[in-house]
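Below, each chain spelled out in residue letters.
Protein chains: 2
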Amino acid sequence: MSTDSLRTSTGRPLTSRGRQTRERIVTAAAALMLDIGVSGTTMEDVRDRAGVSSSQIYHYFSDKDELVRAVIAHQDETIVGTHEEVFAHLDSLDGLRRWCDGIVDYQRLGGCSGGCPLGSLGAQVAETDPDARAAVARALARWERAIRRGYDAMRDRGVFEDSVDTASLAVATLAALQGGLLMAQVQRDTAPLRASLDAVVHRAELLATR
Amino acid sequence: MSTDSLRTSTGRPLTSRGRQTRERIVTAAAALMLDIGVSGTTMEDVRDRAGVSSSQIYHYFSDKDELVRAVIAHQDETIVGTHEEVFAHLDSLDGLRRWCDGIVDYQRLGGCSGGCPLGSLGAQVAETDPDARAAVARALARWERAIRRGYDAMRDRGVFEDSVDTASLAVATLAALQGGLLMAQVQRDTAPLRASLDAVVHRAELLATR
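Taken in order, these protein sequences are the chains called E and U.
For the first sequence, full-length UniProt numbering assigns the number 1 to the initial residue and increments by one for each residue that follows.
For the second sequence, full-length UniProt numbering assigns the number 1 to the initial residue and increments by one for each residue that follows.
Just so you know, not all the hints are guaranteed correct.
If you want a taste of the chain E side facing chain U, the calculated C-beta under 10 Å gives, among others [as the list claims (entries may be wrong)]:
(1) 11
(2) 42
(3) 43
(4) 44
(5) 109
(6) 114
(7) 123
(8) 144
(9) 173
(10) 184
(11) 188
(12) 192
(13) 202
Derived from the structure by calculation, the hints contain no laboratory data.
Computed from a prediction, not measured in an experiment: that's the story for all the values here.
Where a beta carbon is used, it is the ideal one built from N, C-alpha and C, also for glycine.
Throw the hints in and build the complete structure from the sequences for me.
Structural data, given as structure tokens:
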């Protein structure tokens, strides 16, 4: 989302300082929702963590649903935006391996808590908030396209044959990442994430060497 | 869990009729938690759906946390128990394909809502209820072992070489299933689940034909 389109809860455009305060609130809410879940996070928790007043928080967000959607947009920008950068420069099996290693290392550092900042939000809102579910669905679709760009580059470089379905490969890669992150979160162990991402790399290797 | 070990919230063993009432409460709670999530489900919702009184529900469950753990045990028995049966008789690539097709068909029938009855519980409780998280982790480990049994049977029949790591294959299969179910739930579309499970089958085929 362009920062120019950001508004207060009564529809006014934000000043530069207003954007900073809003950003602090959203970052605090995102961290809390990753730590204790969407339902466990109250507006009061967010207010305290962001160090703002109640009137300030309601100046930017009319209710918690609006804040949840701002957190989804924030994770879309952060997580999917980062992957767009990464996969724009990824065009080899080695690059794919390094990406997998980086994800496993990052989860290990965080004690495997929280799961995927976007996927875990999706699981929590899917049956209770259709608008939030649709926003996560759009972010996942953007994520698929980002990953596909890396597979397309590999195909263009001749790593894969032209007949390889890079779109399906990208969807399966994202699914393997989501499932691996969920299992790592629940089992508090990077092993399932490692096995899941190794399967992605292994299949790419088998496709490349046929 | 053996039904003999079931108790009231004050520790008394259950009669046959008591076990039936308890089962009705747990089934109602499981359906509600799949429909509207763990946090959205109240003890009053469960009472009304099960058609029991408040004193009856608290006769079996001292609080919601205890009910959540009973639902996890119920899904463990239902979902993982079913998979133990299925994979005890699965020893071929055709069997693996049929299993995948069955899962996709089942999700299509349900409009892709709810996600995995066990994995979605895991995502919801992982950061808020350590005992519930550990119970889901144990169920996932049991599920891995069930799937592995099918891959072991394939290896024993010569579908795979002896060097194939069936344990990792099983973990990656479960992760692909979990990630595919989560994406299908969020995107309300079986396509990501299909792509994720096709990747599992495809990798098994590539391993088998090397």
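Evaluated hints:
1. 11: violated (29 Å)
2. 42: This hint is violated: residue 42 of chain E lies away from chain U, its Cβ roughly 12 Å from the closest one there, beyond 10 Å.
3. 43: violated (15 Å)
4. 44: For residue 44 of chain E, the interface hint is violated, since the closest Cβ of chain U sits about 17 Å away, which is over 10 Å.
5. 109: Because about 17 Å separates residue 109 of chain E from the closest Cβ in chain U, which is outside the 10 Å limit, the hint is violated.
6. 114: holds (7 Å)
7. 123: At about 4 Å, which falls below the 10 Å cut-off, the nearest Cβ of chain U leaves the hint on residue 123 of chain E intact, so it holds.
8. 144: holds (8 Å)
9. 173: With Cβ-Cβ at 8 Å, under 10 Å, it holds.
10. 184: Holds, because the Cβ-Cβ distance from residue 184 of chain E to chain U comes to roughly 9 Å (cut-off 10 Å).
11. 188: holds (7 Å)
12. 192: Hint holds; residue 192 of chain E Cβ to chain U Cβ min 5 Å, cut 10 Å.
13. 202: Nearest chain U Cβ about 7 Å off; hint holds.
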